[in-house]
Amino acid sequence: TQLLEQSPQFLSIQEGENLTVYCNSSSVFSSLQWYRQEPGEGPVLLVTVVTGGEVKKLKRLTFQFGDARKDSSLHITAAQPGDTGLYLCAGARRGNYQLIWGAGTKLIIKP
Amino acid sequence: ETGVTQTPRHLVMGMTNKKSLKCEQHLGHNAMYWYKQSAKKPLELMFVYSLEERVENNSVPSRFSPECPNSSHLFLHLHTLQPEDSALYLCASSSRAAGGPDNEQFFGPGTRLTVL
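Residue numbers (this note's numbering), protein chains in the order written: chain C, 142 to 252; chain G, 8 to 123.
Each hint should be verified, as a subset may be incorrect.
For lysine to any residue, the following SDA-like pairs were computed, each having C-alpha atoms within a straight-line distance of at most 20 Å [to be verified]:
#1 G/Lys-43 to C/Gly-226
#2 G/Lys-43 to C/Glu-179
#3 C/Lys-251 to C/Asp-208
#4 G/Lys-48 to C/Lys-251
#5 G/Lys-47 to C/Tyr-163
#6 G/Lys-48 to C/Ala-219
#7 G/Lys-47 to C/Ser-153
#8 G/Lys-47 to C/Ile-250
#9 G/Lys-48 to C/Glu-179
#10 G/Lys-47 to C/Pro-149
#11 G/Lys-47 to C/Glu-182
#12 G/Lys-47 to C/Phe-151
#13 G/Lys-26 to C/Glu-179
Because the hints were derived from the structure by calculation, they are not lab data.
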C-alpha cells in the first residue's frame, strides 16, 4: 500500500503554461517535503511545509500544505524548460526520522 | 568536496561478482541512508545508520550488506546480485536533532547499477 499518492505520474506541457502536481495521503504528517531530481542526479530539497494550510513560494513555484496535513500541492506558473525533472514529495512523522515517499511526477517542459 | 558524494557513478556487474558502493558526506550530519530507486516506484529505504544505531528494512535481501565505519562514510557491499537488483542506489544524509525539522535529507548523485 502506497501511503503517498502523487498525481499525475507524468506531465508534458509547453513552456509558459501553468501546472499543478498533487501529493495525497490518508495519513497525517508532521511536515512534508518536495524534492526535484534531474537525470543523473540525486533529489534536491526544494521546500519543507510544516503548518496546516501553509503556503510557501519559491519564485514561480507555490507549495501548499493541506489544512489537515494529509496532502500537498505544487503549482508552477509559466513553466520553463529548466523546470523539467522528477518531482518527489516525502512525508515526515513526528518522532520518526524516516520519510514516506511518493512515486514522483515526471515533468517535461517543451520549449 | 562538498555535500554528499558517491562512487562509482555507474557499475555493471555479473551475478557472481562482489562489489561495494561508497558514500561520503561532508555536511557534519549524524544520519546516513541507503535508498533503492526504481522507475515509477517510491524510493525504497534500505538501511539507516543514525547516532551509531542501524535500522534496516526487513524486505532487503541479505545479498546487500551495509557498513558504516564512522559518521561520514557509508558502504553498501553487494554479492551474488540478481538482475532485478538493477536500479539507481542513492545515499543520503541528515542531521538528527530533537524537535527540529531533522528529516531534511541531502542526497548524493547515485550509483546506476546494472546486474547482468
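Comparing the hints with the structure gives:
1. With a CA separation close to 18 Å, the supplied pair G/Lys-43 and C/Gly-226 stays within the 20 Å bound.
2. Distance hint between G/Lys-43 and C/Glu-179 is fulfilled; the C-alpha atoms sit about 16 Å from each other, no more than 20 Å.
3. A distance of roughly 34 Å separates the Cα atoms of C/Lys-251 and C/Asp-208; the hinted pair therefore is violated under the 20 Å criterion.
4. The straight-line distance between the Cα atoms of G/Lys-48 and C/Lys-251 is roughly 25 Å, outside the 20 Å bound, and the hint therefore fails.
5. Between the alpha carbons of G/Lys-47 and C/Tyr-163 the distance comes to roughly 16 Å, so the proposed pair stays at or under 20 Å and holds.
6. With a C-alpha separation of about 28 Å, the suggested pairing of G/Lys-48 with C/Ala-219 is violated against the 20 Å cut-off.
7. Simply put, G/Lys-47 and C/Ser-153 have alpha-carbon atoms about 16 Å apart, close enough for the 20 Å limit, and the pair holds.
8. Distance restraint check for G/Lys-47 and C/Ile-250: the Cα-Cα separation of roughly 19 Å lies within the 20 Å cut-off, and the hinted pair is therefore satisfied.
9. Our distance criterion of 20 Å between C-alpha atoms is met by G/Lys-48 and C/Glu-179, whose separation comes to about 16 Å.
10. For the hint linking G/Lys-47 to C/Pro-149, the alpha-carbon distance of about 11 Å falls within 20 Å, and the restraint holds.
11. Pair hint G/Lys-47 plus C/Glu-182 holds up; C-alpha atoms about 16 Å apart against a cutoff of 20 Å.
12. Between G/Lys-47 and C/Phe-151 the alpha-carbon distance is near 10 Å, which keeps this suggested pair within the 20 Å criterion.
13. The hinted pair formed by G/Lys-26 and C/Glu-179 fails the criterion: a straight-line CA distance of about 26 Å is larger than 20 Å.
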